[in-house]
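Engineer: Put chains B and C on the given structure of chain A with help from the hints.
Residues per chain, in single letters:
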Amino acid sequence: MKLFYVFIKKEFYHIIRDRRSLFILLGMPIIQILLFGFAITNEINNVNIAILDHSKDVTTQNIINKISASSYFSIKQFIERESDIEKVFKKGKIKAVLIFENDFSKKLLKNSHATVQIIADATDPNTANTISNYINAIIQSYTQELNKDVVVSYQIIPISHMVYNPELKSVFMFVPGVMTVILMLVSAMMTSISITREKELGTMEIILVSPLKPIQVIAGKVIPYVFISIINATIIILLSLFIFKMPVQGSLILLGFENVIFIVTALAFGILISTISATQQTAMMISLMGLMLPVIILSGFIFPIESMPLPLQIISNIIPAKWFIIIIKGIMLKGVGITYLWKETLVLIAMSLFFIGLSTKKYKIRLE
Amino acid sequence: MSISVSNISKSYKNVQALKDVSFHVNEGELFGLIGPDGAGKTSLFRILTTLLIADSGKANVAGYDVVDDFKEIRNCVGYMPGKFSLYQDLTVEENLNFFATIFGTSIKENYHLIKDIYVQIEPFKNRRAGKLSGGMKQKLALCCALIHKPKVLFLDEPTTGVDPVSRKEFWDMLKRLQQKGISILVSTPYMDEAALCDRIAFIQNGEILEIDSPQDIVKHFPKKLYNVGADNMYKLIESLKHYEHMHSVFPFGEFVHYTDKRNDFNSIELNEYLTSKGLNQISVEVAQPTIEDTFMALAK
Amino acid sequence: MEKVIEAKSLTKSFGDFTAVNAITFHVEKGEIFGFLGANGAGKTTAMKMLIGISNPTSGEAKVAGFDVFKQRESIKNNIGYMSQKFALYDDLTVKENITFFGGIYGLSREVIKSKTQVLIKELNLEEVENQLVGSLPLGWKQKISFSVALLHNPKIVFLDEPTGGVDPITRRQFWEMIYKAANQGTTIFVTTHYMDEAEYCDRVSIMVNGKIEALDTPKNLKNSYKADSMNDVFLKLARG
Chain A
1 MKLFYVFIKK EFYHIIRDRR SLFILLGMPI IQILLFGFAI TNEINNVNIA
51 ILDHSKDVTT QNIINKISAS SYFSIKQFIE RESDIEKVFK KGKIKAVLIF
101 ENDFSKKLLK NSHATVQIIA DATDPNTANT ISNYINAIIQ SYTQELNKDV
151 VVSYQIIPIS HMVYNPELKS VFMFVPGVMT VILMLVSAMM TSISITREKE
201 LGTMEIILVS PLKPIQVIAG KVIPYVFISI INATIIILLS LFIFKMPVQG
251 SLILLGFENV IFIVTALAFG ILISTISATQ QTAMMISLMG LMLPVIILSG
301 FIFPIESMPL PLQIISNIIP AKWFIIIIKG IMLKGVGITY LWKETLVLIA
351 MSLFFIGLST KKYKIRLE
Chain B
1 MSISVSNISK SYKNVQALKD VSFHVNEGEL FGLIGPDGAG KTSLFRILTT
51 LLIADSGKAN VAGYDVVDDF KEIRNCVGYM PGKFSLYQDL TVEENLNFFA
101 TIFGTSIKEN YHLIKDIYVQ IEPFKNRRAG KLSGGMKQKL ALCCALIHKP
151 KVLFLDEPTT GVDPVSRKEF WDMLKRLQQK GISILVSTPY MDEAALCDRI
201 AFIQNGEILE IDSPQDIVKH FPKKLYNVGA DNMYKLIESL KHYEHMHSVF
251 PFGEFVHYTD KRNDFNSIEL NEYLTSKGLN QISVEVAQPT IEDTFMALAK
Chain C
1 MEKVIEAKSL TKSFGDFTAV NAITFHVEKG EIFGFLGANG AGKTTAMKML
51 IGISNPTSGE AKVAGFDVFK QRESIKNNIG YMSQKFALYD DLTVKENITF
101 FGGIYGLSRE VIKSKTQVLI KELNLEEVEN QLVGSLPLGW KQKISFSVAL
151 LHNPKIVFLD EPTGGVDPIT RRQFWEMIYK AANQGTTIFV TTHYMDEAEY
201 CDRVSIMVNG KIEALDTPKN LKNSYKADSM NDVFLKLARG
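First to last, the sequence lines map onto chains A, B and C. Counted from 1, the first sequence has number 162 at position 162 by this note's numbering; the numbering is strictly sequential. Counted from 1, the second sequence has number 203 at position 203 by this note's numbering; the numbering is strictly sequential. Counted from 1, the third sequence has number 19 at position 19 by this note's numbering; the numbering is strictly sequential.
Think of the hints as simulated: they come from the structure by calculation, not from any bench. Keep in mind that a hint or two might mislead.
[To be verified] Keeping only pairs whose Cα atoms sit at most 27 Å apart, straight-line, the calculated BS3-like set for lysine-lysine is:
no. : chain 1 : residue 1 : chain 2 : residue 2
1   : B       : K235      : C       : K180
2   : C       : K211      : B       : K131
3   : B       : K224      : B       : K83
4   : C       : K155      : B       : K235
5   : B       : K13       : A       : K199
6   : C       : K236      : B       : K168
Just chain A, same shape as in the assembly (with noise of 0.2 Å):
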């Protein structure tokens, strides 16, 4: 037991003695969270826009005065002619043209409906799409608003409601995909670098030929990192909560258990990379492109599973992170408990001990 607590108190020292590397470790959760908290977001704010509007009358000037109350909307210039849609569009700052047919309210109240048009500028596609999508939602609340006064209305309004993330906040989606991200990097490339540097200093030639079982030397890296991890994933459940007033609607035990099965996982991918690789870049590139490319790309924290073809979805099921987004998004957004969620959490299990099993298995007892 001694020789254990002298293995990790050694490996704290390492840690603290380094730092840059501190730094980094503690650091970067917050400056990720942070960045994709508030510069990366699909959310739309003040989008400069420009109306043509032929009709000019109540009824278009109400809709207008809605937009332009909104904070998401700025309306920038009023145009005359058809032929100037383009111009506004090529000098850049417009992002959208709202177009008001003639006898706007004439055509709305005889027939019953009346034509808007929506040109959005998509060279950027997403911010295009909320845009339409925004406008189409303050369009509608306001014949919402008109068929109130309507005795009697037949008209189905459509309406879309958003469930989870009713604000639609990014910062929601974000959060638990950084998270997975940050844990992953921090134990799975922490610690593979941390056994190849030994590998590096010739320490760990020293450490082969003293009595030290595997399991001892393996958990000695382990467990510090497990702690940085766990500070880490705090720090990210906290930041979420006060400063982007992210809701947990489910346990915060629960949470904090399934953030430590899956940092053990991660855990177990670091030493498995250190036993194939020879130098600390190594461990660094083969952290970088195995682990955090798939995390990224695969696991549905950006790109919804969903929409992948059929041969990346069925990989994805073998990535861990996949699992773990699940799980925290359930938790956090949706308040499930582990009745919801045994599945995803035995996969995760099992995967860990999978992961353990094979690299104190491959951790060798003998150099090459």
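Structural biologist: Relative to the frame of chain A, chains B and C by itself:
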């Protein structure tokens, strides 16, 4: 016998690192493996410390087989690898403490073994190992290898890159350890250190060239050796190299060590030849071959 | 005699620690100058100042006629440098290494080509010219590396422990190359831990704790310290 090696061979992809190596080290002996970089010394050390498995052959350390009983061996040997292998970011004391603990002992328990060496670095015990000078690092590494009271000590090029003063101190320490009954296998590229061993083995390109005591190994020198001196070293070497009866020419300190092809070598003839080449202050004397001369003659 | 290195009270301090303490010496053209000292005596620091990669704290020095404070770029063009730690790129072939190092000293393509051929012939490297340097024995690498340091005909070549770990035969071949270069007028400034190599030098300086404690020919040093070999001289001096 504390180490016995019989017919060990080891190859990497396309290099044969060890070719049919056999030797033994007696109980309490200080045995030197003398050979240049790339001779196969490190591979041999790794096989004996159970870090590598040989392709063929058998080896025993402290009575245990290096493959079957590797766990026992790991408990009773001390190893100082060629590369500086301490934790640079831990202090002197932390390093020692760590290695003591992983070998299941404490500094206190075996302090008597390392005392002589440790007192020299103790004033710096709170300094990080990375900030020590070369000689001090060496001493610390030796303390770490000794702290669990090993029966056999393996030192792979412990003095490479270390200045002559620290090297001498280091060898004095090895001598004292030997008196405490520890068998030591040490490798070095410095021929002057060979003279301090009980027995030495010359190793080159994975093969053992000769094994003997330092006093007797020079008897394997095949020829008569001459010290040749003159006023211009470069000219002297060049001239000797073009001398028709030349067998070998090596600069050696202020002289050139020369051997002749003939059995009836005539120094006057050589003197005349060198004078004709424009050299002055020529001297030709019979010299005693050194360990280094012997190595070079055998390695050719 | 022409003086190619002249140092006067050259000093380098790091905080309170004086690594090189007012060393004064000179090296003559074509001389083989041995620069000895224990680990940590200040050899490397002094050498770094002379080759223009470290600024002296005080004192003055001229290398190849250029001032170490003001004309560092000119110094670099007139010296060759070879260290034990970095010599050649392991992942380039012998030829590629020579071409590269010739290129960084601004030699023309034709000159590099002809010099490469001469060099490969002199060192008997015909069979390995297209092999990666990493696959060659250490002794070969050091010999190639020394030749590369001479490519641009520098006035002075600085050698930092060039023969560490090299076998005794190759070590002597290396010294024969040094003799040859010196004979052709190149000045050699060399550090080593092999005391027998100190005997090969024309003059030897021994540094102890940042100061030059002794400077003379090996013969005179042995006489004045009543020692049999340079090793004994060194031990007597460095032990204090």
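Engineer: Hint by hint, note whether the structure agrees.
Structural biologist: How the hints compare with the structure:
1. K235/B <-> K180/C: Satisfied, since the Cα-Cα distance of roughly 9 Å is no more than 27 Å.
2. K211/C <-> K131/B: Within the cut-off at roughly 21 Å; holds.
3. K224/B <-> K83/B: violated, 39 Å
4. K155/C <-> K235/B: Holds, at roughly 21 Å.
5. K13/B <-> K199/A: holds, 21 Å
6. K236/C <-> K168/B: The hint holds at about 12 Å.
Checked against the numbered hints given earlier, the structure breaks only hint 3 and satisfies all the rest.
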